[in-house]
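Asks: Line order of the protein sequences matches chains A and B.
Take the first sequence: its letters are residues 1 to 255, numbered as in this note's numbering.
Take the second sequence: its letters are residues 1 to 408, numbered as in this note's numbering.
Simulated from the structure, these hints should not be mistaken for laboratory data.
Check each hint, because a few of them may be wrong.
As the list claims (entries may be wrong) - If you want a taste of the chain B side facing chain A, the calculated C-beta under 7 angstroms gives, among others:
1. 29
2. 105
3. 119
4. 206
Note that the Cβ used here is the ideal one computed from N, Cα and C, for glycine as well.
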Amino acid sequence: MSNTFTSDSGSGGAERLRLFAQPVVAAALVVGVLAFAYTQRDNVIIARNVTASTLLTLTWQHFLISLAVAVIVVAIAVPLGVLLSRSWARRVSPLVIGLANIGQAAPSVGLLVLFFLLTNGTTGFWIATLPIAVYALLPVLRNTIVGLQQVDRSLIDAGRGIGMSGAKVLLSVELPLSVPFILAGLRTALVLAVGTASLAWFVGAGGLGELIDTGYKLSNWTVLSVGAVLAMALALLVDWLGGLAERYLSPRGLR
Amino acid sequence: MADNNMPAPEDRTNGHGVEIRLEEVSKRYPGQKLAAVESVSMTIPAGETVVLVGPSGSGKTTTMRMINRLIEPTSGRITIGGQDVLNLDPDKLRREIGYSIQQAGLFPHMTVGENVGMVPSLVGWSKQRTTERVDEMLDLVGLDPAEYRKRYPRQLSGGQQQRVGVARALAADPPVLLMDEPFGAVDPITRGVLQDELMRLQADLGKTIVFVTHDFDEAVKLGDRIAVLGERSKILQYDTPDAILANPADDTVAGFVGAGAALKQLTLRRVREIELGQVQTAVVDEDPGAMRDRIGTRRGAIGLVLDHRKRPLRWTTAREAGAVSSLAQAGRPVEDSVSPASTLQDALEAILTDDDGVAVVTGSRGEYIGVVDIDTVMTTIKSLREEYADDSNGDSGSTGPDSAEASS
């Protein structure tokens, strides 16, 4: 695990094209699969499961879980990354990263079920959200640390040398210069979260996984596809938003 | 962020240089047998530029960084303007010491204006005062504020970045400026320009500058005094550039001075400091025959033809003057001249490229003042060597700075 999570596409032109094309592709997929389902509206299973209100509810649940995961991950991983990159914490840093690695290496279903068992069989939103957050923590944590480490030492030296306090250097120099890395990590984490949220129905938290499960159990490919394609489109959309954020929230002067 | 507990630096010192004293300063890193810096004592006079020069690993940067406590001394005392730096809050101390490093160390995500305004905002200046100061500083280092204020460091050339770095270091008008190989990363031509500008700035500002470099020529050019440092920052010689060039304290220093010490000395002397020679002159419409007689028959004697505003036009020998009907055609044109502000090195260059081995010296309006020839240059070098010969025991730091300041 020495790699960092970046979404660097190499060339600015290709990235720009991607930023434009990605939502279009996502929308086309959604429209296509819904149109396909509509042609089979005589099928009882489809008529019952693929309704506007079901789709909206499930997509919204899916989105909320992903959003909550993002908030938790940023709230924990960024401060933790800052702490671990301070010189006095260098020694414990491999330990914490190791733990986060385990979090990500463990199968996501396993994490969900483990959490479910540990909470004595409780179900609901948080029982799904918390393990997914643990699962998505690593990219942001790792990228925060790497982002802070890649800041040119001479800039920190210059900052201290002209009389900025350590905290001021962190807030005004180190963190802003790490933003592109942190955002890239967050983008990766969010895509992971959206994908993993398809398993949230296991612990009764809903989400688009329910459609996939229904389609699977009833051997109905249309229902399954609607669930899968919507989850995929949501992932594409989140990735696209992440790309936009990287593009417009990274400090000017670095771009 | 505003810190109003102490007055802004310029209220206390007016921004003029103050004396820095190092007394028995040592730095010892735990787990290392030898100290990085061992018992260095030196006095850096107010308003002077002192260059710490030495090979890599000599501890010159460590020594400099102890002055603003980026590195804490293990023992010893450092005072700036009589104040013990170890008694001050390090962050506040550093806001009163300009700091400029190699590759400028500009914050890439901040504009030029934000970079330069950083220290003023740290010491609590108002926004308006900071903005005015930023423009003033950019002006001072030769960058048009309107054009450069809003740019990002990435959009500047290396030389421009370095200028901004100096502007940032000077923004809060600190009495002391620490410069760590600031021009090490720019090309030789830009480096020369930046060095000239630093000298011009320093002539106006009179800061106390501690400048670290491993380039001895840079040290000779910029320093009022040079401290040649050896292992563990031991001061091998601390003297004026003139004295070190004329009489290196030991073989190590001599080795560091390198070949061509005499030539380097020529860069320290200005044409105005030496006695100029004179040749026969005639205005262009005078009678060539009279000029021929005046130059006379001595071998190698030449004369100078001037225009009506006394500007040199042509070199001529007696024979050449006798062979033409008008002095406007006599001899050969004057191709090059030096000014009183030129260095003797420039003059020597002109002498070497001139057919007769003579360089014309002209004043500010281009008028003829006198000539320099090879004998004049040699006499100067000889007298310099004699001047510092008495000091041959290499007692570092014992020679006054007066001789180096004859030019200012």
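Asks: So, for every hint listed, does it hold in this structure?
Replies: Okay, the hints, checked on the actual structure:
| no. | hint | verdict |
| --- | --- | --- |
| 1 | 29 | violated, 15 angstroms |
| 2 | 105 | holds, 3 angstroms |
| 3 | 119 | holds, 5 angstroms |
| 4 | 206 | violated, 21 angstroms |
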